[in-house]
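Undergrad: Heads up: the sequence lines are chains A and B, in that order.
Anchor point for the first sequence: position 168 equals 176 in my numbering, and the numbering is continuous, going up by one each time.
Anchor point for the second sequence: position 253 equals 261 in my numbering, and the numbering is continuous, going up by one each time.
No incorrect hints appear here.
Any copy will do: because identical chains look the same in the list, a pair fits if it lies in one copy or spans two.
Cross-link-like lysine-lysine pairs, in silico, DSBU-like; alpha carbons within 30 Å at most:
id: 1; residue 1: Lys106; residue 2: Lys258
id: 2; residue 1: Lys109; residue 2: Lys258
id: 3; residue 1: Lys76; residue 2: Lys258
id: 4; residue 1: Lys76; residue 2: Lys141
Derived by calculation from the structure, the hints in this document are not laboratory data.
Protein chains: 2
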Amino acid sequence: MSKLKNDTLLRALLRQPTPYTPVWLMRQAGRYLPEYKETRERAGDFMALCRNPDLATEITLQPLARFKLDAAILFSDILTIPDAMGLGLYFAENQGPKFTKPLRDERDIEQLRVPDPGSHLRYVMDAVSQIKKALDNELPLIGFSGSPFTLACYMIEGAASADFIQVKTMLYRRPDLLHQVLATNARAVTAYLNAQIESGAQVVMIFDTWGGILPSAAYHEFSLHYIEQILSNLVREHAGSRIPTIVFTKGGGEYLESIAATGCDAIGLDWRTDIGLARKRVGHQVALQGNLDPAVLLSSPDIIVKEVEKILQSFGSGNGHVFNLGHGVMQTTPPEHVAVMVDAVHDLSRNRH
Amino acid sequence: MSKLKNDTLLRALLRQPTPYTPVWLMRQAGRYLPEYKETRERAGDFMALCRNPDLATEITLQPLARFKLDAAILFSDILTIPDAMGLGLYFAENQGPKFTKPLRDERDIEQLRVPDPGSHLRYVMDAVSQIKKALDNELPLIGFSGSPFTLACYMIEGAASADFIQVKTMLYRRPDLLHQVLATNARAVTAYLNAQIESGAQVVMIFDTWGGILPSAAYHEFSLHYIEQILSNLVREHAGSRIPTIVFTKGGGEYLESIAATGCDAIGLDWRTDIGLARKRVGHQVALQGNLDPAVLLSSPDIIVKEVEKILQSFGSGNGHVFNLGHGVMQTTPPEHVAVMVDAVHDLSRNRH
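Let's have the full structure, built from the sequences with the hints guiding it.
TA: Structure (structure tokens):
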């Protein structure tokens, strides 16, 4: 189905047979790797890394040189879109992302425009093309975006938040305004992901980091609805290959049935959901990705192997599983523990396929 | 079934008929009330309030003077038990609870003892007796404790944490040690809640604030198992009345079936779970408490009424619903909005009973 030397990820996402369970890790390129820290020091700040296609390529490839991963994922940030909308993304040391010009009133919202992926987000497309070329058809490249609601959280709060009071206040007092932001974000994410696909991304993933803070009805109305809108407008085939889609809502374990109904190919599970129960609930509709607790990688090789085995066993035999963590790699993770995990997934899953 | 003038809470928790849906709020006595701030200023720090039965009584009664609530809840902290174990609870300004002597090694854990509720926790029992007397059989009094796992989180981390790395590292590397802490905590919580019941608490609630951070299997093994142990050793009848029990796991929406199977009388739902779906899943076994998003109380009277109506409608007609928030009252909540909510619950639920 593709010229890829290792197409296990694509096949597993489409619930086709694979010789073993493919594996990649959220944040597989990042601060737990000494070579990442070295590259970052050269670049200066985090966004300088993302904006430089050479450096983004270098970083994307770093974990692939160390571990037998089955996919590369574009090195970038989920907040490139609001940055391209003019909100001024920056990273204060150890404080996570912030915006210099968050959405403060109705006028700000009315002035929001969908950024052209070919101009303000050109650096992302250049990185995708360059990484794709560097991968030389060895492994598939995953592109991604934040979900419309997750982007809106940062755009309205101006930063991550413990309780998202400003977003929720808008949601209850002025749902029309929040919907306006979300509709713009959804069009922006659609254009952004389609441009990534045109540039060479072979899988796309939507990170809904904050949808899980909402009450169930609001999750469906303000987060999942817009994800569904994106999915129905995405290029689903490119250069003769189907482009699988993955939706990950952190804290979305109660919503698997609704997420599966959006038309995505796979659901990313966070570390809390039992993958065996998830498979019983929706595994006839979608593939499942996940979901080792990232904290397991802080323990020891024998414990890591045991916990990997538990997840493989819980999923059971058959197709449709992509192994991953249930959240991003933690900064204090010893890189050699990642190697143990990756090898354990491959070794222990071979006899299940 | 009791001499209580208003026994709607007890009846609803036991899924018996009531003329309307009873309502109380998690953290109904607290920082959003000017009279609380005034009392607290007099007392000095937070623990001084908890340790003084006169002040604890005064604060417990404050929201009852303002709102037509159907229950009082003991004013205290979930961390009184580890404090009585000698870990040195204190509250740094705006930073939440901390311990001066968190559990740092195996020796600390081996030295942990179940505190005698009659000595080190005497001040809590004195507060319960005094509040009970002050209530004069108008309303029921709810006693409470943190869950064994939630207590362990603070005892091991020494404070609240974003990722609970130390707890999780112990869980994976030394599950035996964590089980030792949890077994001690479970015996301590059992003795503590039974003493509260003996002192006059007519309902007891277990707050499992952090069980929801665990993977599903670990939640069952390290949190719910010990809650079940407590429930099976609690005094379930006192002074001729049944003592209903409520279990609240924040982020526990995926586990309702298992929580219902512990033998509790009611499950507290956080603001995320759809109460109508929860009722379909477990409403034949237990009552449900919740679950308005606390952020709704920051909006406006008409929106509050609308959101209250949505929850009542989602639960549907019939018995077994106690209205509450899905988390504690937020500090910036206007007290008059709480009045709107309480009155709306009573008014709108009358025609459903």
